[in-house]
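Asker: Assemble the complex: chain G is given as a structure, and chain F must be docked to it using the hints.
Residue strings, one per chain:
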Amino acid sequence: MILSVNNLNAGYGRVHVLKDISIEVNEGEIVCLVGANGAGKSTLLKAISGIIPIMQGRVTFRNLDITNSRPNHIVKEGISHVPEGRQIFGSLTVRQNLLLGTYIRKMKKEEISRLFNFIYSLFPILEKRLYQKAGTMSGGEQQMLAIARGLMSQPKLLLLDEPSLGLAPLVVETILNVIQHLKSTGISILLVEQNVNAALEIADRAYIIETGRIITTGNSKELRENDEIKRCYLGM
Amino acid sequence: MNDVSHIIQFLFSGITTGSIYALIAVSLVIVYKASQLICFAQGEFFVFGALSMITLTSKGLPMPIAFFAAVFISVCIGSLIQQVLIKPIQGSSVGNLIVMTIAISLALRGLALIIWGRESYILNPYTKGEPLFVFGASLQIQVLWIVGITILVLLIIWYFFEKTSLGIAMRACAENPLGASLMGISVQKSALFAWAWGAGIGALAGAVVAPLLFIQYTSGVMPMIKGFIAMSIGGLGSIAGSVMAGFLLGLVESYTIGLISSKFSDTIVFALLMLVLIFRPNGLFSKS
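Chains G and F, in that order, are what the protein sequence lines are.
Residues in the first sequence are numbered from 8 upward in steps of one, following my numbering.
Residues in the second sequence are numbered from 107 upward in steps of one, following my numbering.
Just chain G, with the same shape it has in the complex (with noise of 0.2 Å):
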């Protein structure tokens, strides 16, 4: 197991979102959390990335207690947080902001243009687009530079918040197929997908979330044949 999540609570202030959330992540997996908009799929991707406090509950990564960690610290140990709404740097280029994903490790050069080699296979436009202004770029490939730049840290657990919301459905093939690639390098994937057809074609499990608890969970094929799932979530 990579990642567990027990008994959760974080939320916003006085706001409660969380509520003993309790979840796993094994080794090479890919997981999905499937729920309606303001379940807290998001909050909880923040509160294992320590953006917000958690008030209670634990959060383990490869057997060490992350729980209230810094940013910093998650990062370093191997968790990169590819948030909702890209978040990239428009400013910069997209060279830089690639090279801030690398920020919080010291790398050898050599390293780092391994690094962007791997990043070009994933994504061949971002070798196009290396030097201009991110913020000049479609939806897209915004999309993708913010997932390359979370693996710039070279991360062992990556946490996607929405990779597809707004794109073209091409583009959103494009990015489905990067995160199994992902999955065959061997870095486990936590998963926040509106689009939940696609996501439990590609997730190993799920969990389901409603107003801030887990209400059911169990591997992809048996939620898609699950009858309120189809009826909630799959629009059958």
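By construction, these hints were calculated from the structure, which means they are not laboratory data.
Careful, some of the hints might be misleading.
[As the list claims (entries may be wrong)] Calculated lysine-lysine pairs in the DSSO-like style (CA-CA distance at most 27 Å, straight line):
hint, chain 1, residue 1, chain 2, residue 2
1, F, 165, G, 83
2, G, 83, F, 193
3, G, 113, F, 234
4, F, 269, G, 83
5, G, 115, F, 295
6, G, 113, F, 295
7, G, 163, G, 115
8, F, 193, G, 228
9, F, 193, G, 115
10, G, 135, F, 269
11, F, 193, G, 116
12, F, 295, G, 140
13, F, 269, G, 140
Remember, it's a predicted structure, so these values are computed and weren't measured experimentally.
Answerer: Only chain F this time, still in chain G's reference frame:
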């Protein structure tokens, strides 16, 4: 003196004051970008830079050492203020933060009054020497120091924010704090560095101009206002824009004083600000 030499004379004095405005404006922009906040205490760092350099040289310290020490003192004061007074209220409303910087400005002015009293001080020029004459216009050697040091500092700032990973990380923090903290960049440290830079550049502006102006504890008010106007004309968040606006203000002031009357120099600067705010609210040099 003929007309040409007058025009050149005004150019020299415009570039001199322009350098000071540009430095103060840049120090404001750096703090603004990191903390989304206009620090009204920048003028006091200007005074502290000038007066501490004067005191240190009068105690027998060599000019270059006194210069760096004066800048360093303000860097320390700026960092301390950020840690003790700004950091605890970071996240409260912009109004609260601005009132805090005004309070800091008044407190530092009071401190300067206690240390240096009400007298005005002037420093000896950095290097001795007769003024140069260019087309009949006189050019004091100190002006060359001011312009040279200003250009050097602006180049260092450019290099830092364009080429070093720490500088780029600070820009990332300013633009998107959430994105930056997810990269493991400490937004708090970035704000601290920005205050250190801001205070240091403000003090440097005071230290270079100290041989040309009589400076007392209240002398920071006008440079602060002019720096703020340059920053606004330059488009608030733009370092390059505020540098250009700083020099523009210096030149406009100098030619107004020379060709019209010294009575109108501030009026014209404020009128320029109003025109820019009405017609180009994103800054005189902005693309949109």
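Asker: Hints first: check each against the structure and report whether it holds.
Answerer: For each hint, the structure was consulted:
Only pairs whose Cα atoms come within 27 Å are accepted, and residue 165/F paired with residue 83/G is rejected, the gap being roughly 49 Å. For the given pair, residue 83/G sits about 25 Å from residue 193/F by alpha-carbon distance, which is consistent with the 27 Å threshold. For the given pair, residue 113/G sits about 48 Å from residue 234/F by alpha-carbon distance, which is inconsistent with the 27 Å threshold. Our distance criterion of 27 Å between C-alpha atoms is met by residue 269/F and residue 83/G, whose separation comes to about 24 Å.
Distance hint between residue 115/G and residue 295/F is fulfilled; the C-alpha atoms sit about 24 Å from each other, no more than 27 Å. With a C-alpha separation of about 18 Å, the suggested pairing of residue 113/G with residue 295/F holds against the 27 Å cut-off. A distance of roughly 19 Å separates the Cα atoms of residue 163/G and residue 115/G; the hinted pair therefore holds under the 27 Å criterion. Taking the CA atoms of residue 193/F and residue 228/G, the gap is about 50 Å. The hint is violated against a cut of 27 Å.
Only pairs whose Cα atoms come within 27 Å are accepted, and residue 193/F paired with residue 115/G is rejected, the gap being roughly 34 Å. At most 27 Å may separate the alpha-carbon atoms for a hinted pair to count; residue 135/G and residue 269/F meet this at roughly 21 Å. Annotation: proposed proximity of residue 193/F to residue 116/G is violated, straight-line Cα distance about 36 Å (limit 27 Å). For a cut-off of 27 Å, the pair hint linking residue 295/F to residue 140/G stands: about 25 Å separates their Cα positions.
Between residue 269/F and residue 140/G the alpha-carbon distance is near 15 Å, which keeps this suggested pair within the 27 Å criterion.
Checked against the numbered hints given earlier, the structure breaks hints 1, 3, 8, 9, 11 and satisfies all the rest.
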